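S.K.: Can you make the complete structure from the sequences, with help from the hints?
The lines below spell out each chain.
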Amino acid sequence: MTVDLILFLILALVSVSTALGMLLSRNTVYSALFLVLNFVTVAVFYLLLGAPFIAMAQVTVYAGAIMVLFLFVIMLLGTEVLPASNILPWQKPLAGGLAAVLAVEAIYLLLVRARSVAQVTSPDVAINSMDNLREMGKVLFSTYLLPFEVTSILLLVAMVGAIVLTKKEKA
Amino acid sequence: MVPVNYYIILSAILFTIGAVGVLIRRNPLVIFMSVELMLNAANLAMVAFSSVYKSFSGQIFVFFVIAVAAAEVAVGLALIVEIFKTKHNINVDEMNSLKG
Amino acid sequence: MLLSEQTYSGFLFLAPWLVFAPVVGLLVNIIFGGRLSEKAIGWLASAASGASFVVSVLLAMTVAGNHGEVLRWRLAEWMSVGSLTIDWTFRVDSLSTTMMLVVSGVGTLIHIYAIGYMHEDVRFKNDVGRFRRFFVFLNLFIAMMMILVSGDSYMMLFVGWEGVGLCSFLLIGFWYEMDTLARPSWANSNAAKKAFITNRVGDFGFLIAGFLMFWYLGSFQFDSVFEAAKAAPPGIIVAITLFMLVGVAGKSAQIPLYVWLPDAMAGPTPVSALIHAATMVTAGVYLITRSAPLYTLVPQAQYIVAMTGAVTALFAATIAVGQYDIKKVLAYSTISQLGFMVAAVGMGAFVAGMFHLVTHAFFKALLFLSAGSVILGLERGHHHLAHHEHKKESDDSRRRRSRETLRQAQDSASDSKDHHEEVFDPGDMRNMGGLRKTMPVTFWLYIIGTLALAGIFPFAGFWSKDEILADAFTEGFGAVYWLLTIAAFFTAFYMGRQIWMVFFGEARHEAAAHAEESKPIITVPLMVLALLSVVGGALNLPGLHTLTEWLEHTIEVHAGEFVMSVALISTGLALLAIFISWLLYGRNPLKAGQPDPLKKPLGFIFTGMENKWFVDEAYWAVFVDRYVDISRFLADVIDWRFWHDWFHDKVIAGTYNWLSNIALNDYADQRGIDAFANALGKWTQSLSAAMRKVQNGFVRSYALSVLLGVVLILGYLLLK
Amino acid sequence: MNFFLQPLTILTFFPLLGILVILFMNSEMKNAIRWTALVTSLITFGISIWVLTMFTASNPDLQLVAKYNWITVAGWNIQYHMGVDGLSILLVLLTAFLTPISILSTWTAVEERVKDFMVFFLLLEVGMTGVFLAQDLFLFYIFWEFTLVPMYFLIGIWGGPRRIYAAIKFFLYTMAGSILMLLAILWLGIQGQTFSVPDLILKGGIPANIQWWLFLAFTAAFAIKVPMWPLHSWLPDAHVEAPTAGSVILAGVLLKMGTYGFLRFNIPLFPEATVAAAPWIALFAAIGIIYGAAVSYAQADVKKLVAYSSVSHLGFVMLGMFALNEQGIAGGILQMINHGLSTGALFLLVGMIYEQTHTREIKVYGGLWKITPIFGSIMLIVALSSMGLPGLNGFVGEFTILLGAWGAGMDGGPYGSVWYAGISAAGVIMAAVYILYMFQKMFLGPEGSIVEEVKKHGHALRDLNWREIATIVPILIFIFWIGLYPAPFFDLMAPAVTKLVAALPIP
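Chains as they are written, first to last, in numbering that gives the first Met the number 0: chain A, 0 to 170; chain B, 0 to 99; chain C, 0 to 719; chain D, 0 to 506.
You may find that some hints are simply not true.
Calculated cross-link-like contacts (lysine to aspartate or glutamate; reagent style EDC-like; alpha-carbon spacing at most 16 angstroms) [what the hints assert, rightly or not]: (1) D:K114 with D:E27; (2) B:K53 with A:E104; (3) D:K29 with D:E144; (4) A:K91 with B:D92; (5) D:K369 with C:D126; (6) A:K166 with B:E81; (7) D:K362 with D:E452; (8) C:K229 with C:E551.
Distance ranges between label pairs, derived from CB positions [what the hints assert, rightly or not]: (9) C:N664 with D:G411: 55 to 61 angstroms; (10) C:R625 with D:N58: 37 to 43 angstroms; (11) D:N58 with C:F12: 34 to 40 angstroms.
If you're looking for bench data, these hints aren't it; they were derived computationally from the structure.
Quantities reported herein were computed from a predicted structural model and do not represent experimental measurements.
All C-beta atoms, glycine included, are put in the ideal place defined by N, C-alpha and C.
M.R.: Structure below.
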């Protein structure tokens, strides 16, 4: 057991429990806060995997911007807790069962059937250093220039779309 | 060091939890959050593979996913707000106008 | 002959202006006529026609200066297809210039006359605007007539031939919305249509002759045809000449196609004079004369032509005796005189025929125009009365006239049925009488014309008619001679009857009593014509033979001999006829309402004469009504009810409908294929009704099925 | 790029440009649409004149040829093959000439769905021009069928009360004949390895018994289109119900597609069958001439009268073409043009008066010449041209046709009897009967009841206005031109006709 492994297991435990917490909280606000925690742990995983840029993006965009937006909307709508309902009574057990099957299938597939791969050992210097940022930038603005620009347009469209959708119709 | 399989198993578990959340919660906001969780699970797998294969592609992909997720959330939340405005309710179980 | 050297083909280049001059005249009148005064329009048209006359004179001089040589002026190509070539070529020779001079000379005089005549006519008929149209048509006629006489081929002649037919149609139907008594009616336009269609029947013959000519003789050009005819089989020449005779019968009003000419009197009087007496109707005579080389090849055809002419001459003369309308008498007289001409050219006496054509043009134009003057005089008198004494008209005379109009309506089959009581017929000789006092100038002109027509020495008609009779006598056409001689007797008789009825005795109608003499614009052209009628005989006096020598250059001629016995017989008969007519009509002038004195002694014969021997009725019954019946039958029964409605709609469309509706739709489709398809549909429906429950509209349950799919696919991958 | 710059391609497809412009216009801008259509058709006419200037009259062969491979799958050899020669140049000009005139005639007559109307009309022009220019059987067939569609809609949408019936009858009748032609075309194309007409003519050598069947198949399509007696039953319906412009184009150009088809395909492709069939065609043509003339005299509806007169006139064309000599064929071609002009003008004039009176019944008219002198005078000229008065165009055509037919009837000629020509010549008399009947009953005589009828509606009958005169005067010019000086027209077609006749197996 190395330190890495111990750290990973602890973080994995936190990650799964916050995810479950998000899933099981009756109150939406709690769900959101659990999710923030989950995102942060995932960000730490990214750091462990030698992806500092993605980790930063995870924290700022996901844990920061997106989840704050969620919280805003929850507060705005004031529907933190929904009344119980008995529509689709078999939905929950069926979903749980299927999810369990899915998890089992996935893990089995990954552990047994998949080609065994090397452990994540000593990440490459280029990747696992502050050079990572520079290299990312280079790739992003050369090879992936077009997708990058398209993404910017997508964001613009989303922005305009959101504004148009929520804009009050003039009578 | 941590075998990459562990990361993948974690990713699968998180993904399953997200999927269950989409299926059993009636609040669209929580459903939305579950979707985000699933995205994260996938991201995690990709970054793990990126690390194994020592390639930037996985990370770049994740970067785009994050950007798209941001856009998606913006539009999605706007839609939810709009639905709430017209229906004064956001319970998905009461929205079945698609019924044939 | 220094002059001839200078004029050698010198004026030939003017030949197209024979046609262009009147065409320019009519175009100017069409375009600018609306802004011109009546006088300007009339004189412009007359000038155009006069220009044609001047050109004719110059061309005649050219021909004379050229020793009668045939001259041609090619204007342009007309048609050229394969071996067929027809040009617009003007032929100037002694024959064509003779015709040109007559046509344009008489034509110009009548143009001038018409200025005065139409001025009054359009006013009596309340349509002043139509004055211009008249002169346009008249100029068109001159142009067409010039094409006819100056063409160098049968086809160019045919252009004029049909063209004058068109003008005749237009001018007969000039007052197309009324009848001759100015009542609203189809009568005038019917007369016009009748003339055109009858002429077309003749033209059909002309066309067939043309086809034969082209395919056997190889050309339409006169000289080539005549040259080729010499070597052609006589049967073909007989066919050509006889088909041509059909054309002649149409245009020159010979039996059996003469029926249109009397009706043609519906046109204004100048038209009757110009077209239906002096020029157009003589085109047939011109055609035969022109085709002399063809006719002389085949004596059989010549004999048929001569007999046609002779029989027509007598037949028409008998009808003329029984007519009351002043113009109708002249119309039948024209037919009769045309018969003389056709008989002459049929006998090979081409010069005599042409001679009579020329003199006849003079005196018949004179007679018609004088008759027009008489009619106008009566119109004036009637007009005068209508304005001043209309109300005073006695009941007695009103009743009488209503009876008369009834009879007239029965007389003419084509007249419309509707007529009013108060209609005055200015052309009815029974309304006239005593006009010599009120219209002295016209009276004397009419006498001159009558004497010329009756063939009294030394008037023009005497010389020309006598030459025809002498030719018939000497050439051995006995039957023709006797027919023509009897016709000449009748001619003198009906003309005498007309003179006594119109100008002598007492006025039988107030209008006649108040008749007024015509103005100089009308009488002066008449005087010129009268002069020509007196001296016209000088053209071809026995012994001098001026015309014979003139025409010699163009056609084969022989100088007609003067036979004293023939001359004495015909003159004697003419004088006798005039005497008899005096006994009947002059000694005891007709009283108002009295029937014709011939009626009693002749009985049904006179009824026949009065009714034109019922030829119109017979034609109507045999041809016209049958044609209408046949075309109605074809149109309504065969084409529409049988072919269109029954065969197409019922049989074809019906069968198709039956097939598609009953056979296929009901049986095969609905009970066979549809039944199967319906069963399939029902099954699907019940299945989908079950499946439908899955579609509950809840997004979450849809997502569940997605998850189910994912699990299943993954499971499949695992178990693969 | 070369493909589009061919003069004949431009001529054929230019109207599509106009259609494109019209499609982008608001359908409420009626006048702008009309002007666009008119200008388009006028430019097309200009292009046709340009083509004429490039056309060498003395050359009997196809000229200005555009030839490209088009469909060459499965051993088929279908080409985009356009060309013009003496047989078709006049018809192409006629098409380009009549289209703007027809469009001008709809100025006030068509008020509903102007945009659709003009689009269909220009489409029709494309089809018609294509029919006369196509030198590939397959291409020809496509254009041939293509003309049906716009005409179907022109009759079916803007027609009279029974328009649907007439349109469907027109469509099905023509279609039925075309199917047989399609079969023959396929046989020829597959057997001969090419669909190109000049190549097939050059190749020749079709056995006589097969020629017969092919000849009959083509005849089925063309005879219906002409229409030859007794297949004329669709014509009166279509003419009576079609709007004026449709009637003009129908009589003026569409019927000529049938006679042109005989000339372009039947005669050169199946020479033996042509010579053998000539007496039969002549028989039907002669019957058609007499029958059409007799039937039109008995019509109460003036449009029907003119429609039946077309049967008679087209009978003349057929009679002349199958005389198989130069006079007959040249006369036939010229008569196609003449009929297009005269009958087109008759329909125009009838349409002009119909616009005012809304009735076509002859008996309610009468005395119109007095009320509308210009109209009456123009009608007279056109009527005279239609009945073949010498000096006007109708005579030149009829005369050369009858002359040719007579020659064909002489010993050794394809007809074998002069009776065909003789009887047909009687049609000239009968033409005078029905034409003069119509003219008299409408324009002469006392005022008809319609004059009062129109006055009751608050406006008097008016004479032609400037637009209507401008519509009709170009036709009048040609009526006189062809009548007095037809030489240029004969010169255009003479070499091609000579070539056509020379190829026939006539002793």
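S.K.: All the hints need checking, so say for each whether the structure fits it.
M.R.: Hint by hint, here is what the structure shows:
no. : hint                                   : in the structure
1   : D:K114 with D:E27                      : holds (8 angstroms)
2   : B:K53 with A:E104                      : violated (28 angstroms)
3   : D:K29 with D:E144                      : violated (29 angstroms)
4   : A:K91 with B:D92                       : holds (13 angstroms)
5   : D:K369 with C:D126                     : holds (9 angstroms)
6   : A:K166 with B:E81                      : holds (9 angstroms)
7   : D:K362 with D:E452                     : holds (13 angstroms)
8   : C:K229 with C:E551                     : violated (20 angstroms)
9   : C:N664 with D:G411: 55 to 61 angstroms : holds (57 angstroms)
10  : C:R625 with D:N58: 37 to 43 angstroms  : violated (53 angstroms)
11  : D:N58 with C:F12: 34 to 40 angstroms   : holds (37 angstroms)
Figure legend: structure checked against the earlier numbered hints; hints not met, in rising order: 2, 3, 8 and 10.
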